[in-house]
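Could you build the full structure based on these sequences and the hints that come with them?
Chains as they are written, first to last, in the working numbering: chain R, 13 to 413; chain F, 13 to 413.
To be clear about the criterion: a stretch of chain F counts as covered by chain R if any three or more of its residues have a C-beta under 8 Å from a C-beta of chain R, and this derived list gives those stretches:
#: 1; segment: 13-21
#: 2; segment: 367-374
#: 3; segment: 379-391
It should be emphasised that the hints constitute simulated quantities derived from the structure, not laboratory data.
Every residue, glycine too, gets a C-beta built ideally from N, C-alpha and C.
There are 2 protein chains.
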Amino acid sequence: MDIHDLTRELKLKSDSKIVMLVADGLGGLPMQAGGKTELETARTPNLDALAARGVLGSSIPIMPGIAPGSGPGHLGLFGYDPLKYVIGRGALEATGIGFELRDGDVAIRCNFCTIDAAGAITDRRAGRISTDESGPLAIKLRQITIPGVEVFVEPVKEHRFVVVFRGAGLGDRVKDTDPQATGVPPLDPVSDDPGSQRTVEVAKAFLAQAKQILADQAKANFHTMRGFAAKPKLPSYQEVYGLRAAAIAVYPMYKGLARLVGMDIVGQAQTLADQMDLLQQHWNDYDFFFLHFKYTDSTGEDGNFDGKVKRIEELDAAVPRITALNPTVLIVTGDHSTPAYLKGHSWHTVPTLLVSDCCRPDGETQFGESQCVRGGLGQFEAKYLMTLALANAGRLGKYGA
Amino acid sequence: MDIHDLTRELKLKSDSKIVMLVADGLGGLPMQAGGKTELETARTPNLDALAARGVLGSSIPIMPGIAPGSGPGHLGLFGYDPLKYVIGRGALEATGIGFELRDGDVAIRCNFCTIDAAGAITDRRAGRISTDESGPLAIKLRQITIPGVEVFVEPVKEHRFVVVFRGAGLGDRVKDTDPQATGVPPLDPVSDDPGSQRTVEVAKAFLAQAKQILADQAKANFHTMRGFAAKPKLPSYQEVYGLRAAAIAVYPMYKGLARLVGMDIVGQAQTLADQMDLLQQHWNDYDFFFLHFKYTDSTGEDGNFDGKVKRIEELDAAVPRITALNPTVLIVTGDHSTPAYLKGHSWHTVPTLLVSDCCRPDGETQFGESQCVRGGLGQFEAKYLMTLALANAGRLGKYGA
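What follows is the structure, given as structure tokens:
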């Protein structure tokens, strides 16, 4: 029996409101022995006040030692076992640029490349062509037509673009055409799966036309296809939790991930203040709000300890706008750690706080990694955060009599 | 998806070095209410210094409440789920005496017994015959020949010895011949498994010849066969982690367990000083070093609290020879607890410390059970220690994009 078998059975109706504030890459590390983490360094009077009222813990995004990407990191927070539900690379890339995948679509990550007269790859990334050059080329590929299939071509960045095929009977079990080497031609799309043969044919037709269209280009005179992936089948928030859920995010990736689990994407926020405005405006329309804050991750990725500290303080300053709405449950966490010390996503546990009128406070009065280690939620897998949220919101009945 | 599915996919090349120092049966208990454990009693300035730099936690060998033997205890530490990978009794016995099992071998634990004129067992352990008497008898059984099968007979202790059959088509699904009672004859070897019929025939042939050879013995005039077991199929450290791994151990059992997961057995250490010499000599040849220290377990088994304290202090004194080599990751743990108070393996969590330049220190400054309860690694299953080690060594990529 998995988490959703239980929540489907036990979910209760309620007027309660849950807010999950995700500070991307929140967890950190000290820059030197004996030092403090970014979160511990930041002045966070509002988060500390929540810590004092609430309960702390350390979230394990996937399993001990495993650093997640944004996809599995958020699936875990949303209560979807990230080792069971996998978002294919093509689907994640499409999601990340805001493309709304439908059931049956196949999404593919494509790289422009350079081939020589014999067809062998001389540069797998077309000389790292700039976005200014590659964008119009991707648009040019939109002239490709394939009978019975709707074709979408979406620019991404530099040498990358996304292709989506929409039509009946398109499986996604097709192997990459990128040979991962130069001096050899791209591979033909192939598949062992009878259900994906039509996709193979469609991909071949696309590649043949693309080769003609790109023939006169100096650098990007062909492309490879990687990570063929259907839209992942994720049950919706409404179905598994009985929640009308809204996502209030700035970046397309996080809106896309939220859309995959059936959240409504609310507004067009550009700033944290916009996000807070939207939260307030839509307060009566939803039961659950996912608020995403990107900059704790991006400053961490840049190795900018002080920048991350500032961003945490900025987030802290916005907290009163949430608490003013008096949510039944407020959770503050991250999808993973991004310590400035490591300049990237890491495996470390993520500081997490949960406040409700029926949580069991643990005596901690500051929101930091050290306090979270001692917190009442202990160490827990991120995928259990949603059941804790529902329980604290009075939205889960008893299991068994 | 299990741990090794992930590590196979995510493993990265690196020059980093990991040392796992296993103090067998490290965890303990106070001898009286309000007292300290063996580890807390011991003066351990070097381990305490590591604790201050590193992160502590409490390892659960199998699951809460389950005390492991050496086999599952070490499999867990090596990252092999001890409830999934089972080492059959015969194979563990052979491993324990340093016999190098090959794929296809079937190993069997045998007990000398006494039978009466009618063939009924009168003593299932041949009057607990001494090792001095039983050893030569086991050697005598080496004259047994079976066409098409290589036969090995290895003395163990007292009434015990090991038989290994090597040949084609030998399954291990054969039932014990020990009837677990006296007054009845040993059972014939039988099997429900078609793939093990040849093993049944080979075992019968062995028993028939052994009965003749032992006929004139007063006590050990026959034997039973138990725990038929093939060499367990464990993927190797190289394959699942990309690690060249060395085991530096004194006792055959631990060398054998390490060999089963593909570690090289380095040297012929007799003392902890020998082990440290070998570590230093082979430092450039391997990525991972398993160092095994037996005496924390054997003193615990003896109920010798003070002896265990001394052994821990002896181990502590050797730690600077490890840290001098500047390992990227150093782990100190045990395969289980062996509290002197209980004189045996126990289910208690095992104090564990991990040091690397990117662990998240938890403010603890001593290595003891009480500190480990508060440590940043929390309580974790032993099987996750290897993913933590790899992550801290920069040897694991990100899961998902």
